[in-house]
Amino acid sequence: DAGVTQSPTHLIKTRGQQVTLRCSPKSGHDTVSWYQQALGQGPQFIFQYYEEEERQRGNFPDRFSGHQFPNYSSELNVNALLLGDSALYLCASSFQLDSAYNSPLHFGNGTRLTVT
Amino acid sequence: AQSVTQLGSHVSVSEGALVLLRCNYSSSVPPYLFWYVQYPNQGLQLLLKYTSAATLVKGINGFEAEFKKSETSFHLTKPSAHMSDAAEYFCAVSHGDSGGSNYKLTFGKGTLLTVNP
Numbered sequence: 865d866a867g868v869t870q871s872p873t874h875l876i877k878t879r880g881q882q883v884t885l886r887c888s889p890k891s892g893h894d895t896v897s898w899y900q901q902a903l904g905q906g907p908q909f910i911f912q913y914y915e916e917e918e919r920q921r922g923n924f925p926d927r928f929s930g931h932q933f934p935n936y937s938s939e940l941n942v943n944a945l946l947l948g949d950s951a952l953y954l955c956a957s958s959f960q961l962d963s964a965y966n967s968p969l970h971f972g973n974g975t976r977l978t979v980t
Numbered sequence: 417a418q419s420v421t422q423l424g425s426h427v428s429v430s431e432g433a434l435v436l437l438r439c440n441y442s443s444s445v446p447p448y449l450f451w452y453v454q455y456p457n458q459g460l461q462l463l464l465k466y467t468s469a470a471t472l473v474k475g476i477n478g479f480e481a482e483f484k485k486s487e488t489s490f491h492l493t494k495p496s497a498h499m500s501d502a503a504e505y506f507c508a509v510s511h512g513d514s515g516g517s518n519y520k521l522t523f524g525k526g527t528l529l530t531v532n533p
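First to last, the sequence lines map onto chains D and E. Every number in the numbering used here is 864 more than the matching position in the first sequence, counting from 1. Every number in the numbering used here is 416 more than the matching position in the second sequence, counting from 1.
Derived by calculation from the structure, the hints in this document are not laboratory data. Ideal Cβ positions, reconstructed from N, Cα and C, are used throughout, including at glycine. Fair warning: there could be bad hints in the mix.
[Claimed, not checked] DSBU-like cross-link-like pairs, simulated, lysine-lysine; straight-line CA separation at most 35 angstroms:
id, chain 1, residue 1, chain 2, residue 2
1, E, 525, D, 890
2, D, 877, E, 525
3, E, 525, E, 465
4, D, 877, E, 484
5, E, 525, E, 474
6, E, 474, D, 890
7, D, 890, D, 877
8, E, 474, D, 877
9, E, 485, D, 877
10, E, 525, E, 484
[Unchecked claim] Derived coverage of chain E by chain D (criterion: at least 3 residues anywhere in the stretch with Cβ under 8 angstroms from a Cβ of chain D; other residues may be distant):
id, region
11, 453-460
12, 521-532
[Claimed, not checked] Derived Cβ-Cβ restraints for the label pairs, each shown as a range:
id, chain 1, residue 1, chain 2, residue 2, range
13, D, 866, E, 486, 39 to 47 angstroms
14, D, 933, E, 532, 45 to 53 angstroms
15, D, 978, E, 496, 18 to 26 angstroms
16, E, 530, D, 916, 40 to 48 angstroms
17, D, 884, E, 436, 38 to 46 angstroms
Build the full structure now, drawing on both the sequences and the hints.
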């Protein structure tokens, strides 16, 4: 049973560029959430996708956008990269109809983005 | 707004000693609380979760946590530390509809656990 998979594992971009990160949820899960983890900090919620729609959003600018595909996989896009966007980006999946107790978030290993 | 505070960004213990990692929460409603562990260059792995069924929660790898409403705490403990426990530990509280999975987590800043031989 494959867990949450993310690609690529590492990425180096230049300020002003755009980046796309990808996530495949755990088998049986239909909801994908994205988190940003800056160095030395806890993860921060970016947004959540279910049924191909953004359902919740954290305090992140519109430069951060996403997409969910019919197979439940998801992409995170960041435009006009800033140095401060350097972080580990974590994808987490869950099953929408389960409670937080029955369906805790399962995290991938993340994509390490470095902006120079 | 719900939040968690982890006291101590770095905890160092000797192998075989008690591990105590502190977490205090702030929530206007009964919270769902979680502890996650992160090993170097990896994602987060769930250690245990509290959802009001029992105040003492047992998790994986010998860890447990006790929910104390009067102290708004959810400290993580392990009786005897092992070298393999060295990692970063995050306390988190959930928001959203507890009846569904449309929730998000707010994490503390983490506590780095070092285990000395």
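Taking the hints in turn, this is what the structure says about them:
1. At most 35 angstroms may separate the alpha-carbon atoms for a hinted pair to count; residue 525 of chain E and residue 890 of chain D meet this at roughly 26 angstroms.
2. The suggested pairing of residue 877 of chain D with residue 525 of chain E holds, with an alpha-carbon distance near 26 angstroms, which does not exceed 35 angstroms.
3. Straight-line distance between C-alpha atoms of residue 525 of chain E and residue 465 of chain E comes to about 18 angstroms, which keeps the hinted pair within the 35 angstroms bound.
4. A distance of roughly 46 angstroms separates the Cα atoms of residue 877 of chain D and residue 484 of chain E; the hinted pair therefore is violated under the 35 angstroms criterion.
5. At roughly 23 angstroms between alpha-carbon atoms, residue 525 of chain E and residue 474 of chain E fall within 35 angstroms of each other, so this suggested pair holds.
6. With a CA separation close to 24 angstroms, the supplied pair residue 474 of chain E and residue 890 of chain D stays within the 35 angstroms bound.
7. Distance check on the hinted pair: residue 890 of chain D and residue 877 of chain D sit about 28 angstroms apart at the alpha-carbon level, within 35 angstroms; holds.
8. For the suggested pair residue 474 of chain E and residue 877 of chain D, the alpha carbons sit about 42 angstroms apart, so the restraint of at most 35 angstroms is broken.
9. Distance check on the hinted pair: residue 485 of chain E and residue 877 of chain D sit about 46 angstroms apart at the alpha-carbon level, beyond 35 angstroms; violated.
10. Of the pairs offered as hints, the one joining residue 525 of chain E and residue 484 of chain E holds, with about 21 angstroms between alpha carbons and a cut-off of 35 angstroms not exceeded.
11. For the region 453-460 of chain E, the assignment as covered by chain D holds, since 4 residues bring a beta-carbon within under 8 angstroms of that chain's beta-carbons and 3 suffice.
12. Interface restraint, the region 521-532 of chain E with chain D: holds (6 residues with C-beta to C-beta distance below 8 angstroms; minimum three).
13. Between residue 866 of chain D and residue 486 of chain E the C-beta distance comes to about 43 angstroms, which sits within the given range of 39 to 47 angstroms.
14. A hinted range of 45 to 53 angstroms for the beta carbons of residue 933 of chain D and residue 532 of chain E is consistent with their spacing of about 47 angstroms.
15. As the Cβ distance of residue 978 of chain D to residue 496 of chain E is approximately 39 angstroms, the hint placing it in 18 to 26 angstroms is violated.
16. Between residue 530 of chain E and residue 916 of chain D the beta carbon distance is about 44 angstroms. The supplied range of 40 to 48 angstroms therefore holds.
17. A hinted range of 38 to 46 angstroms holds for the C-beta pair residue 884 of chain D and residue 436 of chain E, which are about 42 angstroms apart.
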